[in-house]
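Participant: Chains as they are written, first to last, in the UniProt record's numbering: chain A, 1 to 240; chain B, 1 to 240; chain C, 1 to 240; chain D, 1 to 240.
Source of the hints: derived by calculation from the structure; they are not laboratory data.
Fair warning: this is a prediction, and the values are worked out from it, not measured in the lab.
There may be inaccurate statements among the hints.
Not everything, but these chain A residues come out facing chain D in the computed CB check (under 8 Å) [unchecked claim]: (1) K36; (2) D56; (3) T111; (4) D156; (5) Y181; (6) Y198; (7) P232; (8) L233.
A virtual CB, placed ideally from N, CA and C, is assigned to each residue, including glycine.
4 protein chains.
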Amino acid sequence: MINVTVWNEHRHEQKNPVVRDVYPEGIHGAIASFLKDDYKVRTATLDEAEHGLTDDVLNETDVLIWWGHIAHDEVSDEVVEKVKKRVWEGMGLIVLHSGHFSKIFKTLMGTSCDLKWREADEKERLWVVDPSHPIVEGVGEYIELDREEMYGEHFDIPAPDQLVFLSWFEGGEVFRSGCTYSRGNGKIFYFRPGHETYPTYHNEEIQRVIKNGVKWAAPTKRSYPVYGNAKPLEEIKPKN
Amino acid sequence: MINVTVWNEHRHEQKNPVVRDVYPEGIHGAIASFLKDDYKVRTATLDEAEHGLTDDVLNETDVLIWWGHIAHDEVSDEVVEKVKKRVWEGMGLIVLHSGHFSKIFKTLMGTSCDLKWREADEKERLWVVDPSHPIVEGVGEYIELDREEMYGEHFDIPAPDQLVFLSWFEGGEVFRSGCTYSRGNGKIFYFRPGHETYPTYHNEEIQRVIKNGVKWAAPTKRSYPVYGNAKPLEEIKPKN
Amino acid sequence: MINVTVWNEHRHEQKNPVVRDVYPEGIHGAIASFLKDDYKVRTATLDEAEHGLTDDVLNETDVLIWWGHIAHDEVSDEVVEKVKKRVWEGMGLIVLHSGHFSKIFKTLMGTSCDLKWREADEKERLWVVDPSHPIVEGVGEYIELDREEMYGEHFDIPAPDQLVFLSWFEGGEVFRSGCTYSRGNGKIFYFRPGHETYPTYHNEEIQRVIKNGVKWAAPTKRSYPVYGNAKPLEEIKPKN
Amino acid sequence: MINVTVWNEHRHEQKNPVVRDVYPEGIHGAIASFLKDDYKVRTATLDEAEHGLTDDVLNETDVLIWWGHIAHDEVSDEVVEKVKKRVWEGMGLIVLHSGHFSKIFKTLMGTSCDLKWREADEKERLWVVDPSHPIVEGVGEYIELDREEMYGEHFDIPAPDQLVFLSWFEGGEVFRSGCTYSRGNGKIFYFRPGHETYPTYHNEEIQRVIKNGVKWAAPTKRSYPVYGNAKPLEEIKPKN
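When you get a sec, could you build the whole thing from the sequences and use the hints?
Facilitator: As structure tokens, then:
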């Protein structure tokens, strides 16, 4: 069974009653609750020791889900470095919404990860552009969210390995809202929706995409590549 | 100097006075006129002998631009085969708008190239998603067209080698509207805008993209790869 | 359970005692035998009616495996067209070795699919270049085959969506030997090894890659996209 | 005219007479000398103030070429940060050989950039796998180097946007030796050859690739995307 750790900054829920009303158990709690039938799930938050991401937790995690927004800078560089190493080793990583600006996403992408945004209760439509991708199993032609924060291009990311969703927003913007990458042995899925004041993670289609994403991002079981000085030529040269 | 051939079906202009008013010299004439300062340009149309694409014309063409819509089936398979071979040899190909359903585009893509469409005088915004690409030189963050035909996802194409533009439409759809591919030695650029009843090819920003596209798609000068039975091992084996 | 159909030209085995000795049950029989513990497997061959690929068989097939070499031209265009449609609908396709020149692969790629080759009992090493890909689950850093036919670059294919294996050959050539593509709803995996005179499909690591490939290529379950004339703007326009 | 800055660590040349004999003007001097007919070229080295990469130099540089090996750690983080910002703004970057482990390449890739290596005077063949790419203009099917250091897979990089060269090595390894990426507005080309003890940068075919690379990597002239809070919906909403 796939081991999932849902990481959440967990600040908005404590400060803003609107957010607390939408996510009384926290965003991490909401996400964990719809994953727990299919996966073994734990949660971790910023204010725990080591942000809840101890070596033991990370080593036992197959897929890490990341939600953060207003406290990216409070995440310790040491933890970010450990998470990065784990992705390189094969741990899957699902970065949600405002996690685009998290230290871990930026360091794995090598770009600014900047974008346009607007909070205006806009309608969003996430169109499937790769119908063959396992992440869209069971998903219709598009997912419609009545109200979301707008994220618009240019989204400063490397060209995705696979582009799965494109978003349309009422105000005239578009966004690459479902993007996959590999880094080392690990698979990464960026998925746009999930502003804290909207009930996006209660939407069953959004839940399905995240469930599919976990399955897709789970590690490929194999030994880690060997790097460094290779065997001398004498030992390995084909005999002619 | 790059040799460009602008191919146009040239049927709407003869049947429909609205189109004739917008493009009195034909769509091919309009495109040729804004390219001719930078490139050596000729035109060719469906009703000419061999559709104007004789061996001599094709062999002298560095970049072929293709606009077709209601008469894709009248294009002879023999000419399509010749154009395909020329692309494989290195000729650039720019496929515009309804050319998505041309025989030449479909045979080079290997997919149905189908899509959603609606004629409703909708606003289109083409957002630049790859700001590093030479095709967007001099282009702003987006190009806005007040009225265009809508093309919507799912657009049934292979994942583009490079995705340059994404379109937003008023009615709720998005579209991968600037896509590049390589096939053999040749480069291909699909560019969405250009419904026959709108003055899209008179728009200076659209003209700039097509000009840039020609430059980008021009052949890379080098000898063609050698295929088939390779030299015997005895002749080429590294001496150890 | 995933339904696999293993298609084989099945000509070499009937003409050449060397091949018959290596594959007494035919190449299709050898492949079917190592897949049957994990999947529901049937076989089909060129000389059966409709090449064994009736509408019923194709409609029940989740993943089709294709081996052909000397009789590509004898495969009927009608069957190729049906297989292509099924791939577009979501059926997975695994093309092996000399299948690079099959009608079905060429029509899905849009390129010549040509390459260099040499029969000289050369050593081949297939290096894993995407360690995160599910197709290499359980595979080491490389797979070594003592003797194989050489296939060398330039391999005239579209840039793969994902490049999984690169081959090294004794005589100085390299080859993109594990390539994935999507076409419509269907996933395609080209895997190079398997010259008919060598016991390549008896190699357990090669078997593992093909098994993994079947799992990876199995259809994503979802409804087929809708194409054509979209709803009128009046019906779908966002209410402002 | 394109402004090129050739940056070199310039340590081997001062310590090792073998290297000094091969590159009496330094590796940077050798590279600058074959570029200066086509481009405006300056050089910069580690031991200069700010490593020769002052704000003025960086701001005037269209394409930066990077060679480093034994002193990656001595490059200041501040300069690396500035170079990264300039790439994001549009400056091209060509990373050569052991530059795979430079701070600037690793931070732009988001991976370890690790690989296998062996110094054994091995023959290398760089096969062209994308014949349509402008970087291979005028280059034959492959470039052969009689003696080079071996670099072998797995090369821990993100999947290249475009894979241009694949290397074959005598001892049984392969390597993705010509890879392109975009990061923000900037284009990046990693090109493998150039171990300091071999006369690789005196090879005319290698020189041609680097010349082509500079032309390809030169900035696309356009205004930088705007990020952050977008215009309010009231101002930009399509009037319905």
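Participant: Against this structure, judge whether each hint is valid.
Facilitator: Structure-based check of each hint:
{"no.": "1", "hint": "K36", "result": "31 Å, violated"}
{"no.": "2", "hint": "D56", "result": "23 Å, violated"}
{"no.": "3", "hint": "T111", "result": "5 Å, holds"}
{"no.": "4", "hint": "D156", "result": "6 Å, holds"}
{"no.": "5", "hint": "Y181", "result": "7 Å, holds"}
{"no.": "6", "hint": "Y198", "result": "16 Å, violated"}
{"no.": "7", "hint": "P232", "result": "7 Å, holds"}
{"no.": "8", "hint": "L233", "result": "4 Å, holds"}
Of the numbered hints given earlier, the model fails hints 1, 2 and 6; all others are met.
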